[in-house]
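Q: Letter by letter, the chains look like this.
2 protein chains.
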Amino acid sequence: MKTLYASDGSLLHLPRGPYFSDGQRRVDYVLTYSIQKPSAVRRQSSKLSDNGFFHRLRRSLSSRSSRAPLQPKEDPEVAATEQQANYHEDDKRFKREEFEQNLQEMGLELEKDEGGKIAGIGFLKIHAPWAVLCREAEIMKLKMPTKQVYEVKQGSNLVEKIRLFIHKVTDPLHPKVGPKRPEDVKSLSLPFSKEKQHLFDLSDRDKFFDSKTRSSIVSISECLILIHGLFLLIGITSLLANGVYTSAYPLHDLLFEEWASYSVFYKYQPIGLIRKYFGEKVGLYFAWLGVYTQMLIPAAIVGVIVFLYGCATVDDNIPSMEICDPRNNITMCPLCDSACSYWKLETACGTARASHLFDNPATVFFSIFMALWAVLFMEHWKRRQMRLNYVWDLTDYGMEEEDHNRAEYELRVAEKTMRQDQGAAKVGLRLESVISDDSWLSLVCLPPSFQIFITFVIAFGVILYRISIKTALHLSTYPAARSNIRATVKTTAAIINVIVIIILDEIYASIARWLTTLEVPKTDKSFEERLIFKTFILKFVNAFTPIVYLAFFRGRLVGRPGKYLYVVGSYRMEECAHAGCLMELCIQLCITMLGKQLIQNNLFEIGIPKLKKLLRKRKSELTSKQEEELHKTLKRYEKDHVLGPFVGINPEYMEMIIQFGMVTLFVASFPLAPLFALLNNIIEIRLDAKKFVLELRRPIAAKVKDIGIWYNLLRGLSKVAVIVNAFVIAFTSDFVPRLVYQYTYSPDGTMHGFVNHTLSYFNVSDFQNGTEPNPPNFNVKVCRYKDYREPPWSNTPYELSKEFWAILAVRLAFVIVFQNMVMLMSDFVDWLIPDIPKDISFQIHKEKLLMLDHFMKEEGRRRDNHNHDGYTSPSSGSASPHSRPTFHARAGW
Amino acid sequence: MKTLYASDGSLLHLPRGPYFSDGQRRVDYVLTYSIQKPSAVRRQSSKLSDNGFFHRLRRSLSSRSSRAPLQPKEDPEVAATEQQANYHEDDKRFKREEFEQNLQEMGLELEKDEGGKIAGIGFLKIHAPWAVLCREAEIMKLKMPTKQVYEVKQGSNLVEKIRLFIHKVTDPLHPKVGPKRPEDVKSLSLPFSKEKQHLFDLSDRDKFFDSKTRSSIVSISECLILIHGLFLLIGITSLLANGVYTSAYPLHDLLFEEWASYSVFYKYQPIGLIRKYFGEKVGLYFAWLGVYTQMLIPAAIVGVIVFLYGCATVDDNIPSMEICDPRNNITMCPLCDSACSYWKLETACGTARASHLFDNPATVFFSIFMALWAVLFMEHWKRRQMRLNYVWDLTDYGMEEEDHNRAEYELRVAEKTMRQDQGAAKVGLRLESVISDDSWLSLVCLPPSFQIFITFVIAFGVILYRISIKTALHLSTYPAARSNIRATVKTTAAIINVIVIIILDEIYASIARWLTTLEVPKTDKSFEERLIFKTFILKFVNAFTPIVYLAFFRGRLVGRPGKYLYVVGSYRMEECAHAGCLMELCIQLCITMLGKQLIQNNLFEIGIPKLKKLLRKRKSELTSKQEEELHKTLKRYEKDHVLGPFVGINPEYMEMIIQFGMVTLFVASFPLAPLFALLNNIIEIRLDAKKFVLELRRPIAAKVKDIGIWYNLLRGLSKVAVIVNAFVIAFTSDFVPRLVYQYTYSPDGTMHGFVNHTLSYFNVSDFQNGTEPNPPNFNVKVCRYKDYREPPWSNTPYELSKEFWAILAVRLAFVIVFQNMVMLMSDFVDWLIPDIPKDISFQIHKEKLLMLDHFMKEEGRRRDNHNHDGYTSPSSGSASPHSRPTFHARAGW
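Line by line, the protein sequences give chains G and H. Per full-length UniProt numbering, residue 1 is the first one in the first sequence, and the count goes up by one each step. Per full-length UniProt numbering, residue 1 is the first one in the second sequence, and the count goes up by one each step.
Heads up, some of the hints might be wrong.
Said to hold, decoys possible - Under the rule of at most 30 Å between Cα atoms (straight-line distance), these lysine-lysine pairs were calculated in the DSBU-like manner:
| hint | chain 1 | residue 1 | chain 2 | residue 2 |
| --- | --- | --- | --- | --- |
| 1 | G | Lys382 | H | Lys525 |
| 2 | G | Lys267 | G | Lys691 |
| 3 | H | Lys525 | G | Lys525 |
Note that these hints are calculated values from the structure, not bench results.
Turn these sequences into a full structure, and let the hints steer you where they fit.
A: Below you can see the structure in the form of structure tokens.
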């Protein structure tokens with residue numbers, strides 16, 4: 001028993017958290033507030049007086065028993081600044097005093113520190129004594145490990161051997177955190193109860209509840225406070241939002257050498273410790289990120305192989321050989337009106353060869369592979385999550401998970417009720433207000449589509465920019481500029497795209513938040529889900545509009561020589577280079593992924609926090625050396641106050657989901673995407689870790705069972721990915737035309753003649769006035785263009801040819817076959833892999849039986865002790881549970 | 001409290017079950033066995049002696065605590081007859097005695113009756129006394145209603161009012177069963193425990209555990225018995241399988257006037273009572289059937305409207321008008337070689353008009369409607385199931401649901417082990433046996449695909465039959481026969497199809513069972529699931545092969561005049577009537593649905609049981625009057641013995657699932673399918689009810705939480721339905737060609753000229769030798785046929801034309817758009833409707849809190865009583881759960 005407790009209590013050898021001034025009581029939670037009148041500061045480090053009965057303290061068990069402690073949903077400091085005008089300073093102090101008295105009535109112990117090194121900030125340190133912890137743990141039904149351990153049987157013999165072998169081989173990859181936990185035993189966890197204290201290992205009371213649990217117990221304190229003449233049940237979050245306190249945080253107490261460091265990038269993460277420190281929500285995020293990164297390894301390897309296959313076969317590729325062959329001497333029609341001239345097909349040789357890298361049969365295989373990969377990833381995650389649920393004793397948690405009404409919502413309802421009550425006589429006015437309220441709310445429902453529209457408008461602007469820049473460059477007479485046209489335009493446009501995307505991302509995040517706030521969702525959970533959903537839609541559209549445009553629209557609606565399509569005055573629709581848009585799509589994806597990751601990682605995740613810190617330092621007007629000196633003398637809670645506030649892990653998820661979209665949605669056109677994602681994620685994990693450990697205040701531990709809406713978004717993305725990939729292969733790549741040519745039109749069953757087959761004829765005399773090349777080239781009578789149209793000498797010149805329709809039919813058939821085949825395979829894989837690992841479902845069952853057995857023994861012991869108390873049934877005796885053989889007999893442990 | 005108990009204990013006014021000869025002890029379960037030597041019968045109606053210690057009694061809590069009692073998986077009598085040779089009669093008697101002694105050791109009370117009215121059959125009546133029931137209920141953790149009731153809050157005010165209104169309006173539709181249960185209170189259910197007897201309303205001990213519970217408690221008795229020199233844990237099922245007992249059943253004790261009668265077809269079913277009587281498994285089946293039937297009502301109404309729309313617009317339909325117009329005078333090419341002659345298009349007038357009934361734009365709407373309907377049905381069922389789970393106190397049940405190893409599996413493993421142990425020296429022999437065993441098992445894995453192959457072969461045979469009959473009729477010279485050709489062939493072929501399907505259905509059921517038995521699945525659950533899956537695949541392919549052939553293959557691969565496709569010698573592939581195969585598909589579906597239902601319902605579900613009864617009567621060689629007289633004097637357990645054994649509800653589910661397939665898969669071609677299904681189901685419910693109540697022995701109650709694999713099959717079907725309907729609309733109906741014609745080829749934007757557009761030209765001089773009509777018609781130079789091909793005068797005569805490819809592309813595009821749109825909408829609906837009704841999730845949460853509160857109070861009371869026992873923690877007192885305000889304060893009930 002001893003060993004076990006020590007083994008998972010890896011806090012043992014780590015520095016313990018800081019204490020009250022008596023050096024005895026641990027600081028479990030810190031609230032800060034601004035002191036406006038420094039002259040009136042009273043040093044109050046002694047315990048506050050213990051009386052104060054006028055204030056109602058009503059604490060709701062129903063809402064607290066199981067609810068996960070709240071994460072501050074937005075930067076509390078920002079919110080505080082915004083709303084600071086709401087209350088007068090005195091009012092705030094009054095509220096603080098009221099709240100503090102409530103806390104004391106609840107049994108919490110407080111210590112104030114208003115004269116610290118950081119001027120203008122008061123600290124309220126909170127300590128939860130043993131009695132309070134016990135009571136709250138009991139009310140929250142916290143499952144705590146008991147002294148009773150049981151053996152964890154790991155599958156069958158062979159499976160177990162393989163597992164052990166793998167574990168041995170990967171040993172250097174496992175993080176070295178504390179004494180090794182014996183993996184074959186697990187202690188039985190039971191909801192904590194004071195009655196049953198003897199079951200738990202209370203040898204060290206200070207360590208029994210870890211710091212995460214202690215702070216989350218304190219953080220959910222609530223009390224009734226008078227606001228706007230109404231008593232509202234107010235928690236710390238609301239007080240923060242109202243500026244009564246400026247920030248609230250538990251203290252950091254340990255660091256992860258084995259996690260938050262780039263030097264251990266190849267290792268598994270110490271998920272157990274992360275959860276122990278940050279709570280289940282953050283733990284699950286890192287576990288998910290770990291699984292995702294791990295799963296990216298095979299995807300990246302296959303992607304690289306597919307890419308290498310493309311490289312290896314580029315010289316055997318008949319279409320590009322034909323394009324590059326100068327003997328073919330094919331004259332192509334000009335790509336723009338008057339300014340452009342005829343050109344020779346062999347100049348497109350480079351692009352054609354490059355296109356082959358991403359447009360070969362292996363790509364089709366790779367998209368199927370990635371669709372199945374996505375399903376496998378999801379299944380793997382479900383199983384991992386279930387395993388973590390078991391290890392973290394969350395299997396019972398869930399049904400009782402209850403939503404907590406948002407303070408903002410309650411405030412609004414209260415205001416409305418009050419208004420209605422006051423205006424009971426003025427019915428007309430009341431009705432009016434209700435109507436106006438509702439219509440205002442219904443107005444709010446419109447914007448999302450409006451914003452998607454805005455996104456499209458902006459994306460369209462980017463398209464227009466590209467067209468105009470291109471035309472301008474075409475018009476320039478310098479030949480050097482001309483030859484560099486494509487490369488320059490493509491690169492600048494893509495980079496501008498990325499920058500626009502990143503800037504818009506930030507704007508959209510704010511818009512989504514603003515919109516969701518307007519909606520006043522009832523509960524915290526619904527607020528979070530709506531916010532995530534809105535943000536996701538906006539960011540997704542933002543990130544993928546240019547890519548979708550490139551993949552499916554660019555070069556589709558150009559018309560034909562002599563009858564081009566014009567938009568907005570006289571802009572011709574953009575065309576792709578000869579070898580299809582796939583190449584450009586590929587460049588765009590590459591730059592978006594690299595750029596987004598580089599800029600976001602470096603600028604936003606490292607740069608901006610550094611900048612913020614710098615600005616804070618500036619404010620305090622101290623030289624860096626003095627600063628450093630001061631920092632050393634600062635107490636833990638003062639140090640943590642300097643850190644940035646924790647704003648939740650949703651932005652991290654969002655970033656990863658968008659990346660997942662990049663990896664799966666257009667994988668048919670860019671097989672290196674998984675590799676890029678993998679490289680990014682290896683850094684990302686440690687970056688996030690560093691950020692959470694060093695840059696941000698410690699969050700309050702939140703208990704969740706799964707990753708919630710993110711899982712649904714992942715599922716949705718992987719479903720969309722199948723159809724998008726089907727369309728990319730069918731329409732963006734030349735896969736289907738090649739196939740059709742080879743098996744129907746080719747005279748000898750090879751690809752020879754394919755290029756000629758894809759080019760239609762155009763009689764230069766059919767140019768519309770003013771669109772013919774200037775200066776004209778009188779040697780050219782007929783030029784070629786890439787399309788399937790009737791030649792000028794047919795009955796219906798320039799009409800779409802039979803080949804066009806046949807190939808279109810095959811393209812569409814390919815989409816249907818691909819989509820349904822991949823969906824069927826995905827469903828099959830989904831059905832094949834059980835959601836709950838067999839050994840885990842076995843363990844869960846075993847644990848239940850063990851618990852039953854335990855309770856029965858308990859019951860029996862109690863009855864034996866008090867056989868006089870009349871509880872025993874008249875029929876007990878021969879048929880009592882004790883006389884029957886215990887179930888150990890069969891279960892065999 | 002009293003009222004509540006009385007209210008759901010509607011047994012009160014119903015006849016009670018029969019008793020032991022003392023008139024006191026209730027018969028909870030009956031086992032029968034055959035008496036081979038009637039001379040040796042000892043009348044043994046007294047209680048058997050209470051000793052007998054040599055036999056090991058080992059009862060496993062782990063497998064019994066939560067497992068649902070087993071349903072006999074096959075007709076036990078049949079199994080018994082088959083295996084009767086396994087054991088010598090003495091051996092069986094010995095085993096019986098051993099088993100009976102075990103039962104007595106467990107505390108059960110037995111009574112034997114070997115000299116009853118039914119000769120050769122001995123009855124063993126089992127009574128479970130209070131002490132045994134209590135003990136087993138505690139071990140099984142049966143949730144029983146306590147005295148404590150709580151108010152069930154029903155949603156918000158408005159919702160509640162609507163609910164009440166609907167309830168009032170539909171009052172005559174609700175079955176009148178017993179005293180009305182007050183719906184706004186529910187008693188809190190807790191796992192039964194002898195310690196806490198005072199919580200439960202034990203005023204009438206005989207009624208506390210209902211007959212279903214009592215019999216299921218008895219039915220799971222297990223004991224160790226020596227078989228093949230090995231001790232095996234053997235339950236009643238195994239003893240039945242080995243012929244030690246011939247049958248096992250609980251007794252019927254009440255009848256449902258308000259359910260098992262056709263006169264109440266319009267009423268809701270008394271699901272609560274059904275569950276109380278038959279257990280959760282049967283209850284869920286009828287609840288599911290009810291929901292399905294209810295959901296069919298709107299589908300049938302919309303289907304009829306769509307059909308009526310077709311009827312109303314048939315005269316405005318330009319294509320059929322054009323076909324019927326004799327002025328067009330279109331000469332069609334002959335439909336068969338030499339025997340057939342040219343024909344005039346206007347002779348196809350009737351078919352064309354009839355086709356319009358099922359092939360109009362409303363059909364497209366209807367398929368989309370039905371796809372969404374299927375999703376709604378599934379969602380509705382999920383919610384209903386959750387609601388039933390709540391009402392039936394199954395919300396906690398599930399995780400602990402454990403599989404029970406099948407006796408056959410254990411026997412086989414034991415045999416194998418034994419063989420290995422015995423032959424430890426003869427390694428070669430042992431290896432050989434192992435190999436042969438495994439290879440035998442691996443052989444078993446092949447057949448499923450083989451059987452699907454057989455099904456296809458048979459279906460192909462049907463196709464060949466149809467072709468040959470048709471050709472034969474064509475060849476006949478009687479003009480009268482010729483004119484009736486189509487109708488005759490279609491009808492006879494469809495009827496033969498139906499009969500073949502029904503016969504094969506029965507054969508396939510046996511094959512599936514045989515195959516699954518060969519596989520020796522480890523557990524009962526896996527056995528059941530594999531069996532269901534196999535049976536489903538076979539029956540599904542069997543039922544749908546002819547329909548799929550009609551919808552997608554018939555008339556597709558006929559070739560063209562002058563170059564027909566021939567199969568198997570000189571059979572030409574079948575063609576459809578002019579207006580497409582949709583009409584024939586429709587007739588086929590109609591006959592299949594009607595025929596299958598009529599024959600299966602009447603013949604199999606009513607006829608065969610009657611026949612069996614008749615045969616049994618014949619055997620007993622009594623006149624019907626004597627028989628009747630005897631029947632009256634028979635005791636309940638003797639009466640029940642005459643009834644057929646209960647073989648599970650899977651056949652009922654299977655029938656309904658196949659019907660669901662008919663309703664959803666080809667709904668695009670037959671909008672009346674939901675109506676037919678509805679009419680059938682209204683009868684089906686009462687038929688099944690009658691069968692279960694009157695014709696079959698009462699089953700042992702089985703506890704399940706959901707409908708298991710059937711739900712997955714339903715989901716799979718509704719997914720397949722989307723794509724099948726998309727293909728039916730795109731390829732089988734003329735919807736897409738009409739659309740394309742109207743919007744691209746039509747000179748005036750109307751349908752005029754459509755018929756001409758769909759017909760290609762054929763030069764009669766191009767007929768191959770011997771295929772031209774005989775006698776030849778020299779007036780015809782060019783005939784027409786339905787296809788999109790180049791005319792004889794083009795450069796590429798008889799090649800597929802550009803129109804063909806264009807229309808094919810549009811057809812395929814339609815499939816993609818339809819499939820993805822419907823899937824998106826389905827997913828959206830799925831996402832929109834929460835799986836757990838809001839009020840139920842609220843109630844479940846409330847119940848949990850109530851239970852917690854209850855336990856806390858209990859705990860407190862106990863502590864108050866025994867404050868000296870040292871359990872109170874040192875820190876209790878000021879912070880004990882009693883000093884804090886109860887959570888009632890906030891939750892507000």
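Q: Does each hint fit the structure? Answer for all of them.
A: Hints and how they fare:
{"no.": "1", "hint": "Lys382(G) - Lys525(H)", "verdict": "holds, 23 Å"}
{"no.": "2", "hint": "Lys267(G) - Lys691(G)", "verdict": "holds, 18 Å"}
{"no.": "3", "hint": "Lys525(H) - Lys525(G)", "verdict": "violated, 38 Å"}
When the structure is compared with the earlier hints, a violation turns up for hint 3 alone.
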